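Engineer: Sequence:
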Amino acid sequence: MSSPASHEATFIVPSRTSRAIPIRLPSNTSTSTGVPAAEKEKVLNASPAQPFSDLEPTAKTGKLKITTDNATENVQAQPTRSQSDPSIPHTDAVALPRPPRSVTAQQPPRPESQLDIHTQTYIPLWLRAANDSPAIIRPCRPLDSLKYKAFIKSFTSPRYLRPIPYLKPPHIKKVSFVHATSASGVSINHYFEYFYECLQNEISAEAQDLHRLRMYNVPFERSGIANHCYSFTIPGLRENSPRLDLGDIVLFRQLITSSMAQAAAIAWYAPGGGRDRGVVAPTFRGEEYHAVVWGLSRAKEQLVLRIDYVNCSPASRTANLTFIVQEHRCTPVWRGIATVADEILVRPMELSKPSWLGTMLFPSRNDAVIQDQLSKGIFSLDWYDQELNYEQHKAVDAIVTNKYGEVPYLISGPPGTGKTKTLVEAALQLLGNAPEDVTPHLLICAPSDPAADTITLRLSKYLSQKELFRLNSWTRPSAEVPDSILGFTFTESDLFSFPEFETLMQYKIIVTTCKAADMLVQARLTNRDLAKLALETVFVISPSTIVDIKPVIHWTALLIDEAAQATEPDTLIPLLVVSPILPPLLSNDHRRFAPQLIMAGDEHQLGPHLFNKSSPLSISLFGRLFARPFYADHPLSRIHGSRPLTRKLLPLPRPAFTNLIRNYRSHSAILATPSLLFYSDTLLSESTHRTPLVTEFPHWKPPYRWPIIFVQSTSPDAFEDMVTSAQGITGTSLVNSGETERALNVTKTLLKLEDHVQGGKYTATKPVLEPNEIAVIAPFRAQVYRLRELFRKHGFGTVNIGPLEAFQGLESRVIIFCTTRTRLAGANEQARFIKEDIAWNRGVIGQKQKFNVAMTRAKEALFVIGDERALTCTGDECWTQFLGFVGRNGAVQFESPEGEQSFKEQMQDWPNRVGRLEAALRFRVDTDDYKARRDHSLRDEIEETPSRTINPSAPAQSATQNERLPRSLMMSDDDRMLSDGHQAQHSLQQFAALVDAGNPTPGDQARSLYSQISPFGPLNEPATPPRPRIGTPSGLVRPTNTFGPIDSKVPRPENPISNPTNQPQQWKSSEYEKILYQQAINATTTAAGDSISNDNNTTETHKPENKPNPSFTPSRNQSSDKKLESSQEEEGGGRAGCATQ
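In our numbering, the protein residues as written are 204 to 1344.
No wet-lab data here; the hints were simulated from the structure. No experiment lies behind these values; they were computed from the predicted model shown. Please note: incorrect hints may appear among the correct ones.
Using 30 Å as the maximum straight-line C-alpha spacing, the simulated BS3-like pairs for lysine-lysine come out as follows [to be verified]: (1) K1038 x K816; (2) K951 x K996; (3) K904 x K1107; (4) K377 x K1038; (5) K735 x K350; (6) K606 x K579; (7) K1051 x K996; (8) K1051 x K904; (9) K356 x K735; (10) K1051 x K1038; (11) K352 x K735; (12) K579 x K851; (13) K606 x K735; (14) K1051 x K816; (15) K503 x K996; (16) K356 x K669; (17) K816 x K371; (18) K376 x K1038; (19) K996 x K955; (20) K624 x K1051; (21) K1107 x K951; (22) K904 x K951; (23) K606 x K904; (24) K816 x K851; (25) K624 x K664; (26) K624 x K606; (27) K350 x K669; (28) K377 x K816; (29) K669 x K735; (30) K371 x K352; (31) K1051 x K1107; (32) K735 x K371; (33) K904 x K851; (34) K377 x K1107; (35) K816 x K376; (36) K1038 x K1107; (37) K371 x K356.
Please model the entire structure based on the sequences and the hints provided.
Structural biologist: Following this line, the structure appears as structure tokens:
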């Protein structure tokens, strides 16, 4: 073994006043304490990269030399117990008022830090001995849960339905991947084997992660909730690390503390000591309690455990806590994959037909409906939400008409496109437009409780408490449920539960989470169980009666929101609830009785939360279905650009999907990179954020001044242990003090915008930006804590600061994103640290889904702080594309002239792909600049020459010399469409020239020139009142629109692009042609000096008026608009070229 003096050491030294565990500093005195060589070797091997070394007081000052990442500090050495008594190993640590990030022996300076955040933390022997000791198991009283047996007895006899037999999950162990090598390995023949391997390795990884989160020497005290209850502080509970719910089991081992604890533990671990002889460790009372969670507050990170008959003497108020895998969470998924695997494999062999579950999990062309003619595109539904756009209308109409076949209907919704709004509208329309002989009952699920609460809140505007029910798991604390939806829940004995059977069956919609849907399975309320109950009851009463089993279906549809965040085994649980008793029958008469499956999500954002980062479970059922050829190879899929349907593509399966493309959240510059990287460059920005923050902030970078800036920061990151008073060391993480200071400076600069705006053309009646409208995101927990501490110190406590994962589904006006990681590795190890981060799924480099989430949270402004060298060292496609975008458009705040030169040199290696949104933004700025120059020049020309004459025989001017059609009048910024628009502008100018020349009959020439004009719609059509509603489904309440009709101008001023494809438009509406022809005539009115000639050669004076065109109304609910829709060749995006709101 090498000499200790030649090594480095990493420690956290807590204060003497802290109640955290003391960390022993190795010194030369430890050689005389009799520490076994094997144990010392074990301790040294805890951090192979940085072995321990000796720390000795300096000769003159008696101080320890402590080397940190940024400076060298002198710390006064304190006498330890081992110095006064060499026979007792010291158990105290050097007292510091604030623990430094690292403590190392004095060594020559290194070019870069070798600290590794993945190194395990050293735990003293006397604390580990308590966990390694044999113990007597003491069960504690469990929390009362749902009594499924009593509930089933309340509505049926055990002769028909019995409680589901208990299923014990397999033993936790890690298995080899044989079938689950990739997502493509999922098949009907090996479905159970595939997910058996996935679940076994996932649960094994969860057990290892929980083992890492074990807490040592935790103080506890009595709680006032009930007898035998004690409260604990659990750091990380707010972020579900660890994940705990009511009724969970936590292993509790009470400690015996004394000054001899460390020496006694060393003797217990020695060969032939108490450990080898099976003796209880001297630091442990010998009893392991299976404590039960009786209460918790995630916001306060407080946990209440019931521990029966524990010793509460003042000398024994600390314990070790161990978190374990909860069996009640594993059982539903094991039951689900076993049941589904049997269904999809056995039932087809028995019935010679695919089962309903088989078609939902493995859809094929045989399950679809073939389309052989173009749809008219007329939507006859009476919309509840008047703000839905065309794609959302099309998705809801397809779901309600149900003409796409016996397959899942998928709604692909990128960030800010309104997935939940579409799903809510679909649910309401399914209730109001069900067939007469079908009573609809919908089950709506989401992966998490907050997502399910959001759906409930939106549905509560339309449904009463007798029609809508929010089913919460009995393990959920009532304090976490929003007050606004408590009326839609049911509690019994202070726990969430079921109402009576008759009441439960009357609800039209039940909202729950995917895992909580197992409550319906155990209560025997699935479609199969209810049909079995009905059929057997009728058979007992009247054996000769023949019952048609088709209508015996209670759950008519299953809708899953945020489906990409749920694992496939979790999704199987609600699928079992709605699965019918017979396989699907493909005739139209029977299709209306088969349950529908509708899923909405985005597979490019954060997926399921997993402990095994390389698990195939990261591919959700939603993502796997979209990757199947049935969806991916469809001509109208997003991969193919969401192009419109034409006759040449027919026949083909009706698209069982909709691609939402209109983002209402983010500015186009913020959306440009994610659209290009993840959504095949199909997204359109419909945001209308023309606030002073976007238009007047003085620090936006020229020439385009877009609200996005990359702030260059090369400050080094630092290794830091997470230390708390209750838990001791919880793990290691990264901080970057330079980035925290830059984030604070950006915040201060933004909040000073009020003064700038008030001095300009805006008069602010309130602050332009509030602190709570700013959010700061970081991928490392230590960086989050450092940011919170710094911002609160400077009075910005209301700024939202949190980890990246917590912002999934959220948004903010301003996002400041700290990437944190800047150091690569040692001098001879290229990017080792970053490669380890990728392997551990930490940070934002090599993490596409995290990158997408971070970049799409901002509404009006985005600031990214980082080091381009670290972000691109592995060739990350996301970061190279983003940095290329900000670099070529000048949106970079350089740290120094040298940093600017380095950045520009690296830009040569980055891709130069320009997406449609970026091209549109550039075109808009160029057009606005040209218009400004043109207007200035035109004013000068008018002052010099009052009248002008245009020679129609003169050659046409070039595009650069001629005035261009404003971008806001164009239906698209596609190159071909722009070319057509410019040609149309030239034609109109030529027509105006003929009128200026005195031609008395412009009508015929207008018709000739009109044939060259692209169909650009009017800019400022006024909105018309919505059409009267026809038939309101019973039981549904429509909210009153207090803001008047929705103005759906075509296109919006903020929308730089309105055509999501590069395909030419197909315009066939004769009514629309008349409108365009009239516009061509009206466009020449001003140029003709308010005088035109009609077809009867009668000259009359015409005064243009700003009146609405009665033949064209842009409202989505008007019949004229629907006629326009019906004229286009569409199905799955046929009207994608229109800038419909």
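Engineer: Give a verdict on every hint.
Structural biologist: So, going through the hints one by one against the coordinates:
1. K1038 x K816: Measuring from Cα to Cα gives roughly 14 Å; hence the hint holds.
2. K951 x K996: Since the Cα atoms of K951 and K996 sit roughly 13 Å apart, the hinted pair holds (cutoff 30 Å).
3. K904 x K1107: The hint holds at about 16 Å.
4. K377 x K1038: holds, 24 Å
5. K735 x K350: holds, 22 Å
6. K606 x K579: Holds: K606 and K579 sit about 14 Å apart, inside 30 Å.
7. K1051 x K996: Roughly 34 Å separates the two Cα atoms, so the pair is violated.
8. K1051 x K904: With a Cα-Cα distance of about 27 Å, the restraint between K1051 and K904 holds, given a limit of 30 Å.
9. K356 x K735: Between K356 and K735 the Cα gap is close to 16 Å, so the pair holds against 30 Å.
10. K1051 x K1038: Holds, at roughly 15 Å.
11. K352 x K735: holds, 18 Å
12. K579 x K851: holds, 17 Å
13. K606 x K735: holds, 29 Å
14. K1051 x K816: holds, 14 Å
15. K503 x K996: Given that 30 Å is the threshold and the Cα spacing comes to 21 Å, the pair holds.
16. K356 x K669: holds, 24 Å
17. K816 x K371: Holds: K816 and K371 sit about 26 Å apart, inside 30 Å.
18. K376 x K1038: Holds, at roughly 27 Å.
19. K996 x K955: Within the cut-off at roughly 18 Å; holds.
20. K624 x K1051: Satisfied, since the Cα-Cα distance of roughly 26 Å is no more than 30 Å.
21. K1107 x K951: holds, 28 Å
22. K904 x K951: holds, 18 Å
23. K606 x K904: Cα-Cα ~51 Å, so violated.
24. K816 x K851: violated, 44 Å
25. K624 x K664: Satisfied, since the Cα-Cα distance of roughly 13 Å is no more than 30 Å.
26. K624 x K606: Since the Cα atoms of K624 and K606 sit roughly 22 Å apart, the hinted pair holds (cutoff 30 Å).
27. K350 x K669: holds, 24 Å
28. K377 x K816: holds, 14 Å
29. K669 x K735: Holds, at about 26 Å.
30. K371 x K352: holds, 18 Å
31. K1051 x K1107: holds, 24 Å
32. K735 x K371: This hinted pair holds, its Cα atoms lying about 26 Å apart.
33. K904 x K851: violated, 47 Å
34. K377 x K1107: Violated - the C-alpha atoms of K1107 and K377 are around 48 Å apart, more than 30 Å.
35. K816 x K376: holds, 17 Å
36. K1038 x K1107: holds, 25 Å
37. K371 x K356: Distance of about 24 Å is within 30 Å: holds.
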